[in-house]
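Novice: Please build the complex by placing chains B, C and D on the supplied structure of chain A, with the hints as guidance.
Chain order of the listed sequences is A, B, C and D.
For the first sequence, the tail end lands on 141 under this note's numbering, and the numbers increase by one without skipping.
For the second sequence, the tail end lands on 141 under this note's numbering, and the numbers increase by one without skipping.
For the third sequence, the tail end lands on 141 under this note's numbering, and the numbers increase by one without skipping.
For the fourth sequence, the tail end lands on 141 under this note's numbering, and the numbers increase by one without skipping.
Misleading hints may appear alongside valid ones.
Where chains are identical, the list cannot tell them apart; a pair therefore holds if satisfied intra-copy or between any two copies.
[Stated by the list, open to error] Keeping only pairs whose Cα atoms sit at most 30 Å apart, straight-line, the calculated DSSO-like set for lysine-lysine is:
#1 LYS110 to LYS76
#2 LYS76 to LYS40
#3 LYS40 to LYS87
#4 LYS110 to LYS40
#5 LYS120 to LYS76
By construction, these hints were calculated from the structure, which means they are not laboratory data.
There are 4 protein chains.
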Amino acid sequence: MVQNVIERTIVWGDLDALGIVFYPRYSEWIDACGHHFFDKLGLNLGQLWSERGIQFGLLETSCRYHQSGRYFQRIKIVTAIETLTEKTVYLSHRIYDREDEILMVDGLEKRICMDVSDSKRFRGLEIPTDVYSILQQAVNS
Amino acid sequence: MVQNVIERTIVWGDLDALGIVFYPRYSEWIDACGHHFFDKLGLNLGQLWSERGIQFGLLETSCRYHQSGRYFQRIKIVTAIETLTEKTVYLSHRIYDREDEILMVDGLEKRICMDVSDSKRFRGLEIPTDVYSILQQAVNS
Amino acid sequence: MVQNVIERTIVWGDLDALGIVFYPRYSEWIDACGHHFFDKLGLNLGQLWSERGIQFGLLETSCRYHQSGRYFQRIKIVTAIETLTEKTVYLSHRIYDREDEILMVDGLEKRICMDVSDSKRFRGLEIPTDVYSILQQAVNS
Amino acid sequence: MVQNVIERTIVWGDLDALGIVFYPRYSEWIDACGHHFFDKLGLNLGQLWSERGIQFGLLETSCRYHQSGRYFQRIKIVTAIETLTEKTVYLSHRIYDREDEILMVDGLEKRICMDVSDSKRFRGLEIPTDVYSILQQAVNS
Numbered sequence: 001m002v003q004n005v006i007e008r009t010i011v012w013g014d015l016d017a018l019g020i021v022f023y024p025r026y027s028e029w030i031d032a033c034g035h036h037f038f039d040k041l042g043l044n045l046g047q048l049w050s051e052r053g054i055q056f057g058l059l060e061t062s063c064r065y066h067q068s069g070r071y072f073q074r075i076k077i078v079t080a081i082e083t084l085t086e087k088t089v090y091l092s093h094r095i096y097d098r099e100d101e102i103l104m105v106d107g108l109e110k111r112i113c114m115d116v117s118d119s120k121r122f123r124g125l126e127i128p129t130d131v132y133s134i135l136q137q138a139v140n141s
Numbered sequence: 001m002v003q004n005v006i007e008r009t010i011v012w013g014d015l016d017a018l019g020i021v022f023y024p025r026y027s028e029w030i031d032a033c034g035h036h037f038f039d040k041l042g043l044n045l046g047q048l049w050s051e052r053g054i055q056f057g058l059l060e061t062s063c064r065y066h067q068s069g070r071y072f073q074r075i076k077i078v079t080a081i082e083t084l085t086e087k088t089v090y091l092s093h094r095i096y097d098r099e100d101e102i103l104m105v106d107g108l109e110k111r112i113c114m115d116v117s118d119s120k121r122f123r124g125l126e127i128p129t130d131v132y133s134i135l136q137q138a139v140n141s
Numbered sequence: 001m002v003q004n005v006i007e008r009t010i011v012w013g014d015l016d017a018l019g020i021v022f023y024p025r026y027s028e029w030i031d032a033c034g035h036h037f038f039d040k041l042g043l044n045l046g047q048l049w050s051e052r053g054i055q056f057g058l059l060e061t062s063c064r065y066h067q068s069g070r071y072f073q074r075i076k077i078v079t080a081i082e083t084l085t086e087k088t089v090y091l092s093h094r095i096y097d098r099e100d101e102i103l104m105v106d107g108l109e110k111r112i113c114m115d116v117s118d119s120k121r122f123r124g125l126e127i128p129t130d131v132y133s134i135l136q137q138a139v140n141s
Numbered sequence: 001m002v003q004n005v006i007e008r009t010i011v012w013g014d015l016d017a018l019g020i021v022f023y024p025r026y027s028e029w030i031d032a033c034g035h036h037f038f039d040k041l042g043l044n045l046g047q048l049w050s051e052r053g054i055q056f057g058l059l060e061t062s063c064r065y066h067q068s069g070r071y072f073q074r075i076k077i078v079t080a081i082e083t084l085t086e087k088t089v090y091l092s093h094r095i096y097d098r099e100d101e102i103l104m105v106d107g108l109e110k111r112i113c114m115d116v117s118d119s120k121r122f123r124g125l126e127i128p129t130d131v132y133s134i135l136q137q138a139v140n141s
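If we strip away everything but chain A, and leave its shape as in the complex, we get (with noise of 0.2 Å):
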């Protein structure tokens, strides 16, 4: 199974006034590594719209808040397919501590593949066949 791994540092301005992570901030890093997991898997997502008109766009999330992250603190965020269906892809999203790999957070992205050329109007459409061959081989290998 494929995974992409994105480290990064708490800093200021992600935390609240009790000097722990605010938790939408955590829903903004696991969108980008959303884009990177599909980045890494050669299907930039903004190539995938500019070029196809396709976006997989949110039907649902959820997160489980474990841990407080704090100042400074260096984390990494593990990015992989949970389940892929002919027109959604389940992304989860583990965030951890990188000193004691202890589970900060997990969080699940439920992705649709969406026709987005029309900007007014999308609509949800099964994954185009090489695409989903691509996103069923990370989940395969």
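Specialist: For chains B, C and D alone, coordinates are given in the frame of chain A:
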């Protein structure tokens, strides 16, 4: 059941490159609406923290996205308690278009009562009796 | 001189670990207030873009911070045109506490009129006559 | 003169509806780069705060935007001290495209040394001698 309603207008900075709301923005609004909801009940979370060392931390969040938000769309967010236990309160947040009342996003925050008086180490605790009875009244009224 | 006033309450997610507003949040609000200001003049920037391929892009921004914003503080942001030239419009944004009217932040956005009809390459252009006369009226009235 | 360089890739969540970086994101990165710069000098701002009750607060910020940032563009941010006085340190942050070295944004943060040990009331103070001499060395080296 007590509900709190917050109105807002979607602005430029909420949008992604597709011209629809970037999903972590919903989490930001939902978090804010949670704070407004507590404040409406007379439980301002800033005061609970500074006066009693208590905060309601996040265990889990989830969001389902039904319809994309667009530039200058006028929305409202309706917040209520979904579940109340001795240690936790789950808040539901439903985001609607203000004109046609269509449900755009529904989100859930599972929050746990925490003693945060030691800023280095937070720990779960039972919701204090007076706070619990206010929350229970919000469920039952 | 036409002014637009937007009120808001500082929320948890706006704060940093010191319990005061994290300064890029001011820029987010200021940008939103710029869009509200144009909309008030009958120049909705979303429409200007979709109907005429025009946007007002940023050349330069600056902010001076006089007093820290705190949790649940009620503020207002007053936006007006500071300077208008053939190609540019400078917006001043003053953020006040709503109770005591103390100036907390003052910001400036230098915006230039751009043809953005080619999404790959934007270029500066003179503000169209009808738009310019609306802006000039906002300065003079 | 000591410089700190941080590399990053522009991601989906940084973009606005025009497909270019929404400008408050630059402020977020610049703030983070300020913290990285201090950390590089051995002056971790989290430690300065927790151990000595000191923080470098913002007096003023400004940014000039020369070229738009785009999806998956690889950039670097170069941070250095521009001016050092008894109470203040001004940091310059220059954002470049990593391939062609073109300057995209240059920003300035005017920071003042503050005693923040009383969380309700911050006040400016002279930069402590040991901290000042580290900063001065960063200017002169």
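Novice: Tell me the numbers of any earlier hints that the structure contravenes, in ascending order.
Specialist: none
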